[in-house]
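**Q** Residue numbers (numbering that gives the first Met the number 0), protein chains in the order written: chain A, 0 to 770; chain B, 0 to 229.
For the record, the hints were derived by calculation from the structure and aren't laboratory data.
One or more of the hints may lead you astray.
Computed list of lysine to any residue pairs in SDA-like fashion (alpha-carbon distance at most 20 Å, straight line) [claimed, not checked]:
hint, chain 1, residue 1, chain 2, residue 2
1, A, K156, B, R110
2, A, K327, A, D197
3, B, K34, A, F250
4, A, K156, A, K58
5, A, K156, B, P209
6, A, K427, A, A746
7, A, K340, B, P113
8, A, K460, B, P209
9, A, K156, B, Y55
10, A, K738, A, Q420
11, A, K335, B, W32
12, A, K58, A, R30
13, A, K58, A, D377
14, A, K427, B, R110
15, A, K70, A, G90
16, A, K156, A, D377
17, A, K203, A, W341
18, A, K460, B, L211
19, A, K340, B, L211
20, B, K76, B, R63
21, A, K427, B, L107
22, B, K34, A, D197
23, A, K300, A, G208
24, A, K460, A, A746
25, A, K340, B, K76
26, B, K34, A, E261
27, A, K460, B, K76
28, A, K427, B, P113
29, A, K460, B, V227
30, A, K327, A, D232
31, A, K340, B, R110
32, A, K58, A, T376
Please read all numbers here as calculations on a predicted model, not as lab measurements.
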Amino acid sequence: MTTGAVPRPGDPVITPALVAEHGLTADEYERLVRMLERTPTFTELGIISALWSEHCSYKHSRPVLKTLPTKAPWVLQGPGENAGVISIGDGLAVAFKIESHNHPSAVEPYQGAATGVGGILRDVFTMGARPIAMLNSLRFGSLETPRVRYLVDGVVKGIGDYGNCVGIPTVAGDVMFDAAYEGNPLVNAMCVGLLHEDELIRAKAEGVGNPVIAVGARTGRDGIHGASFASEDLSEENEAKRPRVQVGDPFTEKLLLEASLELIRSGHIVAIQDMGAAGLTSSSAEMAERGDVGVTIDTTKVPVREAGMTPYEILLSESQERMLVVAKKGRDAEVKAILAKWDLAAEVIGEVIAEPVYRVTEGDRVVAEFPGTRLVTDCPQYTPEAKESEAAIARRARDVHAIPPLAAEADPAWTLERLLQAPTIASKQWIHRQYDSTVRTNTVLGPGAADAAVLRIRGTKRALAVKTDCNGRYVFLDPRVGGRIAVAEAARNVACTGATPRAITNCLNFGNPKKPEVFFQFREAVFGMGDACRALETPVTGGNVSLYNENPQGAVYPTPTIGMVGVLEDAAHATRLTFTTPGDAIILLGENTDELGGSEYLAWVHGVVAGAPPACDLAGEKRLIDALLEAIRAGYVRSAHDCSEGGIAVALAECCMAERDRPTGADVDLSPWSALAPRALFFGEAQGRVIVSSANAESVLAVAKRHQVPARVIGTVTPASNGFSVRAGDVRLTAPVSKLAEAYHEALPRAMARAAAEKVTRDPALAGGTA
Amino acid sequence: MKVGVVSFPGSNCDEDALLAVVERLDEDAVLLWHKDHDLQGADVVILPGGFSYGDYLRAGAIARFSPIMQEVVAHAKRGGPVIGICNGFQIACEAGLLPGALLRNASLQFRSMPVTLRVETTDTVFTRAAEVGMRLTMPIAHGDGRYTADEATLDRLEAEGRVVFRYVDARGEATAAANPNGSMRNIAGIANAGGTVVGLMPHPERALEPLLGSTDGLVLFQSLLAAVHA
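Isolated chain A, as found in the complex (with noise of 0.2 Å):
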């Protein structure tokens, strides 16, 4: 029973209209009465909303996500802290999350996409780790639309700017593009920071007595009630909710980076974390809820940027570069300290107390009191209803084989050039040279030169690769298929650059999990994750969950996001993508099929989004990795990157000019797969396929042998004035490499500099009450 909190004077009064605005249905509301056993106050609604918003509190995803699996030897940390952890051999461990910042973006391109990466940089320096690389995954609507491009150009300048600046090389990613994104763009920043692990700490308040202390920039009016925000649908009023946009200050970040890692090293502190979604109020609940303890808040001790905050505020706000950290007793001078060298201010602003209780006050009034000590998971969980709906079985179903094709299409060599431009498959350079992609000195491989990015450990022999994926018209067409080659997709590529594949993280992007539908998609996403992680070994180890993703026009294509993590034993075996000596054969692991459906043939050429999705057979996939993992580390493989978006056509013509100042050519031959319907052949996704040249083919085909896979020599690299050619039977795709470089390189500048020259700043639809 708490008696504790009285209502502030001038506080509104409860009404079920405050209730409703702070989206708590009737059901919510009675729960937090009878936990309190009184009517709320504002404050304590403000501090409920905040928490039990999907975005904190993960009530309508937390049951299913508890069927993946988490755990491997190698894992130090699994989901429920601030990142995951695991060990990479030699004492070193990597931690890593992936988060999304959707909602914002969608409002405020440039400062919504800022803030996700210095919050996404928090969570991981929080571990205890530095940070070393930055990926990001994006998706976007028609790059045709005006307002796509406008979104484009912020979301990258806004990514660029803040990681520049904090001076984390930013490595990898993927970028698509598809009308289902139009009003819902993606944006979704993974980091990746490497510790002893030693050095590994977890944001568990203990130790009753320590005090709790704010540290980092003050608390300003800003961002108020983003979480709440971003767990409903996006409307005509999300104009007038751009306040609730955070504005980003990297260079507070990197000092903030670097007093918290020395506070870290320092043995003053028990406990730290970023005031990320719902701010002081999440944070400090989270750190109690972990240690279970109680805690107390002062808010009138909260350094804060205006007079006349209310508690409601300032425990609500989403003040960038903000920290909460639990210090030992009688060190908080030493804190102070080291943050003063870096310029940067600590309050003590709370306690750690036995009582199993969670309380704040401004001076000595309590303003708000909640009993127990487990304020964020004693949020309801719901699961929903799930059902598949008719419109996608009908879409699955529908036989693609049968759309005629255009008449420009009888020479295969328009439709590869024409697929070359398609935004989602063009090379993505124009986005990439505005990331310093090398600052650290550790970028073996960067942006563009493999199928994942790969980074050596310093001191050890050791290398990284890490790599972003999700197919989201797969998981559209059949979810559960979707969600499996999301992970196997991930694997395959940090395969390809020599990487055995570790472990992942999530962000999962999905939209109303209120619509059967959509919780249908959710549940079978989650489920085929789950299935391709079993199999290919690579557990999770967190990540975040973005649901209502939706807008007037419906809701986005799900996405389950992955940032795949993977270990070279030696960086020397790093592998790129392109061909790199003519002469050389060109081998393909796996096997072709007559696969067509949710191609992006199918959607870019004929506005197709149809058929069943690419079948995904995890064991082989397991036995097509390991076999490519042998072969490189034998020294047999010279290049290697795997077949997607655009099927082998596609692969191999990327294999020749990806580079585009080190062209070569290649001579192939796919005739023993003549029986297949010939554009499934070039432009199908048949899942599992790898393209390898090599001086050694005997070799590869012995190795790929005893592992089962399937593998044959189709070619070989020539010099790029001998052109590009690809033969099955009868049919001939022959092209200058010059063409397709052209076609492949220019698609993206081209289509951005319209951007610079319009000056869109908001969607009519959008444009809402501000003038």
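With the hints as your guide, set chain B onto chain A.
**A** Below, chain B alone, put in the same frame as chain A:
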């Protein structure tokens, strides 16, 4: 040789520069804290890349007033070698160690990519082991790298042989296409009159190992070693 690498709070290439000297050259190096007045006996000073004090105002505009910069300027005036890399080049210009300024890239975008440089003079402590016309490949990573000065200054720099590096294409020509940021006369790096202070936008400290794709930055450090040990 002892190298001092200045650490401004927003420097993010200071550690790279330190490791380059210690691991690649096997020479002594220390970080020099921006709030200190002590060069710790350094023979050479590196002003590293980064965002010194956030650089929201103008790159390097605040850094020049820092305590350590007073000592760096005094060191340079004594003829001590100083190299400003990227943000360090911007700071050297702001501090008056080098003429001109680095403005926002002509593209208005950050540029991170490998570039080819042509060595224009060997009369500096950082290029004496190179050869005129030699081509070097190393990364750039900057948003404000457009070297700008008035025509008279540019003419003087050219006449005095103080243009150290130019952006060139694969054939060694200083073309507009090879210019990544719109720098006047494709200038990537310049020196003071004595050839002891050099500033450049590209990052030689990122081009010292075959594993990372280029070793072309080595010649700058080898030149330095030769100069200091001469």
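**Q** Mind checking the alpha carbons of A:K427 and B:R110 for me, to see if they're no more than 20 Å apart?
**A** holds, 14 Å
**Q** Check whether the Cα positions of A:K156 and A:K58 lie no farther apart than 20 Å.
**A** It is violated: about 34 Å lies between the C-alpha atoms, which goes past 20 Å.
**Q** Between B:K34 and A:F250, is the straight-line Cα distance small enough, at 20 Å or below?
**A** Given that 20 Å is the threshold and the Cα spacing comes to 17 Å, the pair holds.
**Q** Within a Cα-Cα threshold of 20 Å, do A:K427 and B:L107 meet the stated pairing?
**A** holds, 18 Å
**Q** For A:K156 and B:P209, compute the direct alpha-carbon distance and say whether it is at most 20 Å.
**A** violated, 31 Å
**Q** Next pair to validate is A:K460 with B:K76; report whether the Cα-Cα distance is within 20 Å.
**A** Judged against 20 Å, a Cα distance of about 43 Å means the pair is violated.
**Q** If you draw a straight line from the CA of A:K327 to the CA of A:D197, is it 20 Å or shorter?
**A** holds, 18 Å
**Q** With a cut-off of 20 Å on the C-alpha distance, tell me whether A:K156 and B:Y55 pass.
**A** Since the Cα atoms of A:K156 and B:Y55 sit roughly 15 Å apart, the hinted pair holds (cutoff 20 Å).
**Q** Does the structure keep A:K335 and B:W32 at a Cα separation of 20 Å or less?
**A** The hint holds at about 19 Å.
**Q** Take the C-alpha atoms of A:K156 and B:R110, compute the straight-line distance between them, and say whether it is at most 20 Å.
**A** Between A:K156 and B:R110 the Cα gap is close to 11 Å, so the pair holds against 20 Å.
**Q** Tell me if the straight-line CA distance from B:K76 to B:R63 falls inside 20 Å.
**A** Given pair B:K76, B:R63 holds - Cα atoms ~15 Å apart, limit 20 Å.
**Q** Straight-line Cα separation of A:K738 and A:Q420 no greater than 20 Å?
**A** Judged against 20 Å, a Cα distance of about 11 Å means the pair holds.
Going through the hint list in order, the structure does not satisfy hints 4, 5, 7, 16, 17, 19, 22, 24, 25, 27, 29, 30, 31.
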